[in-house]
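**Q** Given next are the chains, with one letter for each unit.
Protein chains: 2
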Amino acid sequence: MAETADDRLRLLIERIERLEEEKKGIGDDIKDVYSEGKSAGYDAKIMRQIVRLRKMKPDDRREMEAILEVYKTALGID
Amino acid sequence: MAETADDRLRLLIERIERLEEEKKGIGDDIKDVYSEGKSAGYDAKIMRQIVRLRKMKPDDRREMEAILEVYKTALGID
Chain W
1 MAETADDRLR LLIERIERLE EEKKGIGDDI KDVYSEGKSA GYDAKIMRQI
51 VRLRKMKPDD RREMEAILEV YKTALGID
Chain D
1 MAETADDRLR LLIERIERLE EEKKGIGDDI KDVYSEGKSA GYDAKIMRQI
51 VRLRKMKPDD RREMEAILEV YKTALGID
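Line order of the protein sequences matches chains W and D. Per the working numbering, the very first residue in the first sequence carries number 1; after that it's consecutive. Per the working numbering, the very first residue in the second sequence carries number 1; after that it's consecutive.
Incorrect hints may appear among the rest.
The list treats identical chains as interchangeable, and a pair is accepted whether it falls inside one copy or across any two copies.
[To be verified] With a straight-line cut-off of 16 Å between C-alpha atoms, the simulated EDC-like cross-links for lysine to aspartate or glutamate are:
hint: 1; residue 1: Lys31; residue 2: Asp43
hint: 2; residue 1: Lys38; residue 2: Asp6
hint: 3; residue 1: Lys55; residue 2: Glu21
Hints were generated in silico from the structure; no laboratory data involved.
Put together the whole structure using the sequences plus the hints.
**A** Structure, rendered in structure tokens:
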């Protein structure tokens with residue numbers, strides 16, 4: 001039997017739904033690792049910051065940190 | 001050699017990074033399926049709406065659609 005246009009659309013949508021499920025599963029796995037870190041005494045919020053900082057190029061990170069310092073000083077946050 | 005606290009933190013962060021990579025890969029796969037749909041003549045934006053609607057419970061979906069109609073009428077969108 002030939003694949004109709006409706007079948008084709010349905011199959012595409014179902015593939016997306018399966019992939020979204022997988023993506024959600026990995027998101028849950030990530031949460032589990034943060035929980036494991038928390039159980040080991042690490043602060044999950046700071047772990048998230050570390051992940052974000054490691055994603056940046058060192059130069060970009062240093063620039064961001066320098067600008068952050070300027071803003072903190074400007075606003076009297078020390 | 002015993003695992004130090006620093007090793008432990010590093011291993012946790014690396015696990016998160018690997019999972020984030022995987023998640024990103026699946027996100028790219030999802031984009032590919034939308035592109036495939038587009039090539040087949042489907043509107044990607046409307047496919048996204050369909051995915052969102054299919055995620056909802058039918059009752060919730062119908063309620064949302066009814067309220068949307070009320071708002072559209074109220075604002076003269078027909």
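**Q** Against the structure shown, which of the earlier numbered hints fail to hold, in ascending order?
**A** none
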